[in-house]
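Enquirer: These protein sequences, in sequence, are chains V and F.
Just so you know, we're using the numbering used here here: the first sequence kicks off at 1 and counts up by one.
Just so you know, we're using the numbering used here here: the second sequence kicks off at 291 and counts up by one.
Warning: the hint list may mix true and false statements.
[Unchecked claim] Derived lysine-lysine pairs resembling DSSO-like cross-links, with alpha carbons at most 30 Å apart:
1) LYS453(F) with LYS172(V)
2) LYS500(F) with LYS219(V)
3) LYS219(V) with LYS95(V)
Everything labelled a hint here was simulated from the structure, so no lab data went into it.
Being a predicted model, the structure only gives us computed values, none of them experimental.
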Amino acid sequence: MAIKTVGVAGSGTMGAGIAIVAARAGFRTIVYDTNADALARARKQTEGFFAKSVERGKLTSDQVGKILSDLSGSADIGALAACDIVIEAVFEDLKVKHAVLGELNRACPPHAIFASNTSTISITEIAAGSGRPERFVGMHFCLPAQLMRLVEMSPGLRTSEETFQAAWDFCKAMGQIPVKTRDNPGFILNYFLIPFNNDAIRMVEAGVAEPADIDRAIKTGLGYAMGPLELLDLVGLDTHLLVAEALYASTHDPRAAVPALVKRMIAAGKLGRKTGEGFYKYQGSAMFGA
Amino acid sequence: MDYQIIRAGKSRSFADDHPLIAGGKDGGQVVVVVGADAGAAFSRLKEIGAKTAVLVELGTECLGAHTGENRGEEGSNVLGFSRFRLGDAPASDLVELVCQPRTTLAAIDAARAVFERHGLKVALCGDFAGRILDRLIRPYYNAALRRLDEGLATASDMDTTLKLGLGYPEGPIELLERTGIAHHYDVTQALYEAYGDPAYAPARRARVAKQRQKN
């Protein structure tokens, strides 16, 4: 099946990033969001992103002109009627996803594949409310999608081989690097990352070492670019809490359970870089005290 | 500040020709006891209280096994250390420096200076089994081996995901293959015994690798 037109449902950070990836690869791309302000905001950010691509010599202004003319936004779901694939990147809530997919199922042609960018919810469970579970696949992009090439692709229990292959080929045609994972909570990335980060937090909690010593150990000893506590400060402890609670609810793995320190830090306003203090203190964008 | 080296068997942290070993001087204010038998050699040392710091190379044991402990108020001029090393891979530049609740700041500063003088980086930690890195990474390696068995993804897709998605220099499976899965068994089994936490229980593939090493 030839995929020519791509729909993206949801114009948040992930949706806008995925739309950039698809449009940049030459696909006609339509972003759907019921919130016109969110669409306008995403369009402005997208134009800013491509302006920087021109400044840095990655794309010419002619190329960007063509990309932006092929990339549109709409608050009318009917605009997705010509899509061959629709990637949903709406709020991480099964009911919300089912509601959006039900509408998409009515608006899109029968051959269209639906994909979900979920990071923690079961593909099979989301597919069950899509009206087309055989033509449903997981496509988890990494944040920021426009810069990260990895996509975790998961078939649900009823996904057809033909659908998975078509989505896999499409992913590669976008210039991304797909990896196949089973439909398991957290897939690969979050399944390993969330408990690992929780373990690092528990070490702080237990007084094993200071955050800077833990981060220095992992960077020096294993060559990681960033330590787990620096990463948590960047992601934000509030975001970590949401993802970890979703993972724990699915796995009941004790390592996925959020350490009590996280909630105490959130209550104290220590969310990370965005509030100026998390495991480290920040002044502007520079880190000190590490 | 000069330091004195006392050798006690083969060291996992420092080869005999490492500049830190060669740079030792008799009568230094810091004593560095290196080797697999460092703890026993430490127990034979006399008048250690006069030194600024005494550094004892640790294996999987806690520093307290050599110094003794006293209701959470232990600590002196004696520190433990271990240079982080995965299996048979070369030792990294990381030195985990182990202190106790009442370890003197002067001893910590002197220890840090000895290692940093030779380009090593120091992470200070409390006296816990596995120190920082083994305590943190072994559950992750066990989970990766278990998930490989359970068919979450192929080994190469798991490695690719963790490298591309998180910027890790190496995926968990290729890292364990390079450094020795049987060595992972040894480390994680010791931590399992120390903590009793199932996350440290050696994964099936680690047990198999250990069994094959014995055969």
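Enquirer: A separate judgement is required for each hint: does it hold in the structure or not?
Expert: Evaluated hints:
Of the pairs offered as hints, the one joining LYS453(F) and LYS172(V) holds, with about 18 Å between alpha carbons and a cut-off of 30 Å not exceeded. Between LYS500(F) and LYS219(V) the alpha-carbon distance is near 28 Å, which keeps this suggested pair within the 30 Å criterion. At most 30 Å may separate the alpha-carbon atoms for a hinted pair to count; LYS219(V) and LYS95(V) exceed this at roughly 40 Å.
Comparing the model with each numbered hint stated earlier shows that hint 3 is the single one that does not hold.
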